[in-house]
Amino acid sequence: GEDVEQSLFLSVREGDSSVINCTYTDSSSTYLYWYKQEPGAGLQLLTYIFSNMDMKQDQRLTVLLNKKDKHLSLRIADTQTGDSAIYFCAESETDKLIFGTGTRLQVFP
Amino acid sequence: DAMVIQNPRYQVTQFGKPVTLSCSQTLNHNVMYWYQQKSSQAPKLLFHYYDKDFNNEADTPDNFQSRRPNTSFCFLDIRSPGLGDAAMYLCATSREGVRQETQYFGPGTRLLVL
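In order, the protein sequences belong to chains X and D. Using my numbering, the first residue of the first sequence is number 13, and each one after it goes up by one. Using my numbering, the first residue of the second sequence is number 11, and each one after it goes up by one.
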């Protein structure tokens, strides 16, 4: 079955860059997504990338996709305390999303 | 402007007492989803509606039911909640429910079972 894996924790200093990694298994996924979840809240779509792209940049966010290795990453430039949250990657399978385990990002001053 | 609304945000019920969670959307999307998210875990799809067509995930317990009376509303019914059903329940919508469609999530309802 499909499996999406992420490292559990990441701790960075405010102002540094954060890189959150994800590996997935379904090579036929058309879109791959990054969602952000703050404590006690729902999921907020941050960005997504089409599978025929290698990179997508959106303000402080950069998504890199290595389709050969089935590896997806999210880079957050100039990380702020407000970026502290859990970040989920997800791949699309027909009409549903398969989520990764989530990476908890902690930003310290 | 709220697009996917879930009420209540927090729900407390007793062991075995039926409970209903509600979701509404202003996006006029065809597809509505219910996810269960337990602490420190990824959201897990329970079922979804494509318009009026109900699609149940194979491992969703029979204790969980859903109703969609119209395009805007979808309900999650838990017939006999157990302690293991305590979780955050997330509703989501998408326009057509195909691979390239973005899902929009509500804020979730956190269910506590006493």
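FYI, nobody ran anything at the bench for these hints, they're computed from the structure. Warning: the hint list may mix true and false statements.
[As the list claims (entries may be wrong)] Straight-line distance between alpha carbons at most 30 Å, and here's what the computed DSBU-like set of lysine-lysine pairs gives:
hint, chain 1, residue 1, chain 2, residue 2
1, D, Lys27, X, Lys82
2, X, Lys79, D, Lys54
3, X, Lys80, D, Lys54
4, X, Lys82, D, Lys62
5, D, Lys54, X, Lys68
6, X, Lys80, D, Lys27
[To be verified] What follows is a list of derived Cβ distance ranges for each label pair:
hint, chain 1, residue 1, chain 2, residue 2, range
7, X, Asp15, D, Pro71, 18 to 26 Å
8, X, Gly52, D, Phe25, 42 to 50 Å
9, D, Asp61, X, Arg25, 47 to 55 Å
10, X, Ser39, D, Lys48, 42 to 50 Å
11, D, Lys62, X, Ser29, 42 to 50 Å
12, D, Thr112, X, Asp90, 38 to 46 Å
13, X, Asp15, D, Asp61, 29 to 37 Å
14, X, Pro51, D, Phe64, 44 to 52 Å
15, X, Gln71, D, Ser90, 27 to 35 Å
16, X, Ser39, D, Arg77, 49 to 57 Å
17, X, Asp38, D, Pro18, 45 to 53 Å
18, D, Asn65, X, Ala89, 35 to 43 Å
19, X, Gln71, D, Lys48, 13 to 21 Å
Positions of the beta carbon are idealized from the N, C-alpha and C atoms, including for glycine.
Hint by hint, which ones does this structure get wrong, listed from lowest number up?
-> Failing hints, ascending: 1, 4, 6, 8, 10, 12, 14, 15, 16, 17 and 19.
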